[in-house]
Structure formats: C-alpha cells, structure tokens
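Read top to bottom, the protein sequences are chains C and G. Numbering (this note's numbering) for the first sequence: 1 to 448. Numbering (this note's numbering) for the second sequence: 1 to 343.
Among the clues, some could well be false.
[To be verified] Straight-line alpha carbon distances no greater than 27 Å define the calculated DSS-like cross-link-like pairs of lysine-lysine that follow:
| id | chain 1 | residue 1 | chain 2 | residue 2 |
| --- | --- | --- | --- | --- |
| 1 | C | K90 | C | K46 |
| 2 | C | K331 | G | K69 |
| 3 | G | K74 | C | K220 |
| 4 | C | K404 | G | K74 |
| 5 | G | K74 | C | K331 |
| 6 | G | K150 | C | K331 |
| 7 | G | K308 | C | K336 |
| 8 | G | K308 | C | K282 |
| 9 | C | K336 | G | K77 |
| 10 | G | K69 | C | K112 |
| 11 | C | K100 | C | K90 |
| 12 | G | K128 | C | K336 |
| 13 | C | K100 | G | K74 |
| 14 | G | K150 | C | K112 |
| 15 | G | K69 | C | K404 |
It is worth saying that the hints were derived from the structure and are not from the lab.
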Amino acid sequence: MSKMNFSRRGVLKTGAIAGAGLTLPTYLRADAHAGFTNAPTGSTVKLGFNVPQTGPYAQEGLDELDAYYLAVEHLNGGGDGGMLNTFSSKVLDGTGILGKKVEYVTGDTQTKSDVARASAQSMIQKDGVVMVTGGSSSGVAVAVQSLCQEAGVIFMAALTHSNDTTGKDRKRNGFRYFFNAYMSGAALAPVLSNVYGNERRAYHLTADYTWGWTQEESIKASTEALGWETVQTVRTPVGAGDFSSYIAPVLNSGADTLILNHYGGDMVNSLTQAVQFGLRDKMVNGKQFEVIVPLYSELMAAGAGANIQGVYGSMNWNWQLQDAGTQAFVKSFGEKYGRPPSGSAHTAYVQTILYADAVTRAGTFNPCGVVEALEDFEFDGMGIGQTLYRGSDHQCFKDVLIMKGADNPTNQYDTLEIVEVTPRAQVEYPDDHPMFAGGELGACNPGA
Amino acid sequence: MDAIILQILNGLDKGSAYALIALGLTLIFGTLGVVNFAHGALFMIGAFCAVSLSRLLQLSYTTIDETQKDFLGKPLKVETAYVESWFGPELGSAIIDWAVPLAILLTIPVMLFVGYAMERGLIKHFYKRPHADQILVTFGLAIVLQEVIKYFFGANPIPTPAPSAYVGSLDFGVMLGFDPNVIIYPYWRLVYFLFSLIIIGAVFAFLQFTTFGMVVRAGMADRETVGLLGIDIDKRFTLMFGIAAAVAGLAGVMYTPILSPNYHMGMDFLVLSFVVVVVGGMGSLPGAVLAGFLLGVLQSFASMNEIKAIIPGIDQIIIYLVAIVILLTRPRGLMGRKGVMED
Chain C
1 MSKMNFSRRG VLKTGAIAGA GLTLPTYLRA DAHAGFTNAP TGSTVKLGFN VPQTGPYAQE
61 GLDELDAYYL AVEHLNGGGD GGMLNTFSSK VLDGTGILGK KVEYVTGDTQ TKSDVARASA
121 QSMIQKDGVV MVTGGSSSGV AVAVQSLCQE AGVIFMAALT HSNDTTGKDR KRNGFRYFFN
181 AYMSGAALAP VLSNVYGNER RAYHLTADYT WGWTQEESIK ASTEALGWET VQTVRTPVGA
241 GDFSSYIAPV LNSGADTLIL NHYGGDMVNS LTQAVQFGLR DKMVNGKQFE VIVPLYSELM
301 AAGAGANIQG VYGSMNWNWQ LQDAGTQAFV KSFGEKYGRP PSGSAHTAYV QTILYADAVT
361 RAGTFNPCGV VEALEDFEFD GMGIGQTLYR GSDHQCFKDV LIMKGADNPT NQYDTLEIVE
421 VTPRAQVEYP DDHPMFAGGE LGACNPGA
Chain G
1 MDAIILQILN GLDKGSAYAL IALGLTLIFG TLGVVNFAHG ALFMIGAFCA VSLSRLLQLS
61 YTTIDETQKD FLGKPLKVET AYVESWFGPE LGSAIIDWAV PLAILLTIPV MLFVGYAMER
121 GLIKHFYKRP HADQILVTFG LAIVLQEVIK YFFGANPIPT PAPSAYVGSL DFGVMLGFDP
181 NVIIYPYWRL VYFLFSLIII GAVFAFLQFT TFGMVVRAGM ADRETVGLLG IDIDKRFTLM
241 FGIAAAVAGL AGVMYTPILS PNYHMGMDFL VLSFVVVVVG GMGSLPGAVL AGFLLGVLQS
301 FASMNEIKAI IPGIDQIIIY LVAIVILLTR PRGLMGRKGV MED
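Whenever a hint applies, use it, and build me the whole structure from the sequences.
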C-alpha cells in the first residue's frame, strides 16, 4: 500500500510553481506544449512586419508595408489573388495559412539596429508572431536575423543587399530572396565594360555600415577585374544629408567615374549634389565623367528626378518586366494603391507568400519544418524566372536586372529602363566564396 | 590649392546656415536671456513654409486623356495645376518653378507670428526661472513642433528644388585663373551664401542704425536702466524674438534646395548651432556669425581625404574638438562678453 504524503506547504509550493509557469510569456512555454516558439493555437496566426517607417530608408519601408498588407489580403482569400495565381507551387488556396486566418503586427525599425531588435523582440514576446519579416538596411537585417535565430522564429529578410546577410552572418532560421552586392557586381561589370570601356578611374563614396562595405568590396573587385583603377574609397555616415564636403574632393581626384554605394534618401541627396557640382558635365582623362549607382530602386529614382538620366545600376526586380507573375502583381498592387510596386515591395510580397507556401508544404508552423521546406526549393512564377533557395546559405539565385535612368521619361513612373536581364548562371558563386566566408548556418532553432 | 579653395567655398554655405541660426539664438539670448532649444524647430518650420507653398502652387485638377495609357493600360489621368490654367502654362509653370524664393514672402509673416506667439504664449512665463527650466520647456516645445510637422507632412524628406535657372554650377576656377572645371560651385549654394550675408547685414544695420535697434542694444547692455527711462523694453524684446524666428525661418526656406526638408532637420542643426554660439561667445552677435562661418569651413576641411588619412573620423568630431580647444583657451568664447552666463 502506497503512502500519499501531501503537506499544506508542498501543495502551495507546487501550485506556485505551476502558476508561475502558466503566467510565463507564451514564447517561453510554447515549446512545452507545441514544440516551438509561439505555436498558433486558435484560428489565427500572426506575422510581424518590421520595416523602417522613419529615417533615410523610410520610403522603401512604407512601400514594403503596403506589399505585406496585399500579401495578407491574398493569403486570406481577398482581392484577385495576385501572384498566388502564377506561383509554380499550388498549395495556397486563399484560406490563410494551414486554415488559420493571417493577422499581423507592424513595427518601425527607424533604420536602426537596436530599435529594430527591440521591435522584433516585442513582436515575438508580446504579440506572439511566428515569423518576422522586413528590413531596408542590412545592418538591421543582420541584427534581427540573429535575434530570430535565438528566439526560434523564422526571419524572411526583405530588402537587404549586403553579402554578410547570407555570408558571414547567415543563420539557419533566416532566408533572403533579395539579391546581394556580389551579384550586382557580377551582373554590372560586363555592361560597364561595354558602355564605358576598360580604362576607367573610379572613386567610391560608401555608406559606412555592413551593406556599404560589402558593396564597395564587390563592385571594386568586379571593376578592377575589368582593368579599372580604384582611385579612392571614402566612407560617409548614413543619413549625412549634405554630402557636398565628400563630393567636392572628387572634382580634382583624377577620377572619371563616381560610384555611389548609397541607398534610399542618402543616394537621392548624394546623386543630386554630385550633379549640382557639375560632375556629370566634366571631361576627365579625355572621357566624359560618369556616375554609377550599383543598387537602384524606383523610389530613389523618383526622388532623384532628372539627375539619374543615363546612370547605370542593378535591381532585383522591376515592374516593367513582362512575365505573368510580374503582370499579376503589378495589377493587384496598382489597383489597390494607384502606383506600380517598387522592387522592395515585390520582395516583401514574395517573401510572405514563400513563407506561407513553405508552412503549408511542411504541414507545420514549426520553424524547423519551414526551414526544411524552403531549403533547395526551386520555384517560378514570382516575377523573375526560375529561382532557387539554396540550402547551404539560404540565398535565392535568379536573374539580375541591369537598369539605366530613362533618357526620356514619359510619365512619373517611367524613371528607369531595363538594359539587360543577366542570367542566373552569371551571378552564381560557391557558398564558400571569400566574400561570403566565415559564416555557419548552424542548427535550426524551434525555440526549444 | 584648388582643393583648399573648393573646401572654403563648400564650408561657406554650411557656415551660412550655422551663422543664421546662431545669430537668431544669440539675439534671443542677448535680449531675453532665454536659452531657446526650440530655435532649430523654427529653422525647420521655415523650410516647411517652402514645402507648403510649393504644394499649394501645385494644387491641381484631374482630366482623363484617352489617347495615353497608364502603367495598368487604363486611360491616363492628367494632373493640371490650377496656377497653370489661371495664368497660362508658361507663366504658371514659372511660378511653380520659383516656389522656394517666393516662399520668402510667406515665411516672414508666418515666422514673425510664430515667434510672437511662442514668446507671449509660453516662453515669457519662464523668464524668471533657471536656465535649466528654460532649456527643458523649449526642448519639449521643439519635440512637439517636429511631431506636428511629421503628422502633416510625413517622415520622409520632401525634395524642394531650386528654380531651374539656378540648377547647375559656376566655374569659379576660371575666374581665378585655374583650368576649367577645377573649382566648381553650385549656383544655389552661392545664392544661399549671398542671401545669408544680406540677412546678417540687415540685422546688424537694423540694430546699429535705427532708434529701435539702439534701444534694444541698450536693453541688452542694461535692461533695468532702460526700463527706468520709461521705455517698454519687454515689448521691443518680444519683437526681437519674432525677428530672430524670422531669421531662422528664412535660413530654412532657402536651405530647402540644398537639403530636402524633413521633420528632424531642426534638431540636426540645433546642436551644431549651440556649439557655434558657445564658441562665438554667449550673447555676442558678431561672435555667432564669425564662429558659424569658421566652424562650417573647418568641418569642410575635416572631410578632406588627406586630413581623414591622418586622423580617421575627424569629420564627425571636428566641431566639438574646436569647441573644447576654444573653451579651454578662451572660456568666454571668441568674442564673449564679460558677465554673460557668469554669476
């Protein structure tokens, strides 16, 4: 006969421990009953859209946000379905994700890593999101990706172009659809060689953080391989506003090409000021002075106005492409917001759909299941041809667009023209390439 | 040599903005004894006067042009500005093109009113309070003002270009005997520099050659004695607050083609302008102007690659470094008066 030994103190102690356990934040105890962080239990599932709504990259962030709203609408069966109709995977049926209605929370990263981390942390701990997506700065994306890895949720990076995001800072829980600085360099170099020849002297102005550094390294390597000489590389603070004191020294540096490794509002200001200083009217070394913006966006082009005419750059995607996926997305976005979507908006939309698709194919919200479904996933119909989510570094591989500022824009959206679609094979690289070395994906973290 | 001339020119337009803001700050401090942390916000409000007028002039009606298609393949909606339909396309587009200079006419009354309302409505209640209280309340006011602007105009910079006649640059080098395209200076920056000289000259002339200015200067030197002579010095000082606000506002209006206005541009300039005031000497108007130009030019020099190669990052700290050196060697600043901010 067993002896039951209950004491009043013992019962109180056990009760207190159990009570404390139940009042813990969801993400800490979720694993105990569902095996991963923020396992959705009701009829809804929540996603976190963490974008810059203020700061130098705010315009990109706000466009991303509009695309996220559209993606949620399509996932929940609203609107015309957009790219769900053209996506090669056919598991999404407009009933949310795994039958759960999609809800969302938004955050303002202010283009600052610490603010972005705090915002993502609040989304995970307080709002119970299963996936965080966003970014318009690689510094932010790297910081949030690392947080998501620790917390055990998926991070679907939106606008981040630094090699480091899927290079030395790659994480198993993080995925990038956007192209990277190496790809920009590899795609741009042959076009620059054709247009400007192989004897140029380049001066770089570079945003002083991870994206700027890796873009400078990539463009420098690819242009020097053409035979170009790099005269000087100068780092500039993000959000400097007035770049005139950095542009003035370019005038007499002996350089005949200015490469602006700037983005968003910074690029608009630096390009405008470079034009104000008459750089594009100069003849140096017997050649016309040229400006190159390796990473373009439609929003930047609109901000820079006539200053971008004839300026070359690269893009991940553009609304003027003629494939069925692009046309479906431009129609949905254009009818909802009255303007064509930017490349940032496209990436934001596609990443949300890809996440939903991966969850559905995996049959679970468990991040490890999602990781498995996304790794080496090959798809089409999302706007820029056959695309591979490479399993070894979580980088998407697809064609890259080379753009030029339109010489004779016919309307306010006709700011850029597609010069060339560089085939995927030309921008591929091994995952241990020196520019991406030093990173390990590590193990998937479900939050256990 | 050419690089040095280029950086001097480059520093002058930045220095012009610092000098104009610092001049206003010193006027307020010298007359009312208030440390006005909302002065940067006045610069920002001035810039947004230009944005507002530009938007007002571009108010338009929509017509459908069946012959053209938009990006969705639908008939194109064509926007026509009312100004263009009232005055004809040529004159109308010229008026829109000149929105920034025209905004000066709007800014002066708006800023005089804002300055007057600010002084009468809030700041006068803090005259007898410690400087710390004045700093806190004006800093709070600056935050409120920038949030109001953010609410109405959004968080993003709003491009506000100069008139097309001033787009492009002057080949300054040719005038000095250098080769063409060696020393180039954008027209609008030159306009801004000349504009700031005119404003600074006008403020000094006003204080130096008018009876009103004489009374204000007397009040700055000895407020009580002027009061004992039966002069209502408070009323004059209130007007000086309005004038200081107008100077900051005008500095902001004309700066919009150089830097697209955003809601926090005032804060960016405020801190630097305070350093300018301290370096120039608290309460000294010529000191504020001199220090403004000096620090603008030094900041430009610090951005030169040759300097940065010796001391990396110097371009970010030069102003504060100079402030430390000057305060250590001349604690009252370059042209500071004895007794100001000293117990």
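Status of the hints after comparison with the structure:
no.	hint	result
1	C:K90 x C:K46	holds, 22 Å
2	C:K331 x G:K69	holds, 14 Å
3	G:K74 x C:K220	violated, 44 Å
4	C:K404 x G:K74	holds, 26 Å
5	G:K74 x C:K331	holds, 11 Å
6	G:K150 x C:K331	violated, 31 Å
7	G:K308 x C:K336	violated, 49 Å
8	G:K308 x C:K282	holds, 26 Å
9	C:K336 x G:K77	holds, 16 Å
10	G:K69 x C:K112	violated, 41 Å
11	C:K100 x C:K90	holds, 17 Å
12	G:K128 x C:K336	violated, 57 Å
13	C:K100 x G:K74	violated, 36 Å
14	G:K150 x C:K112	holds, 19 Å
15	G:K69 x C:K404	holds, 22 Å
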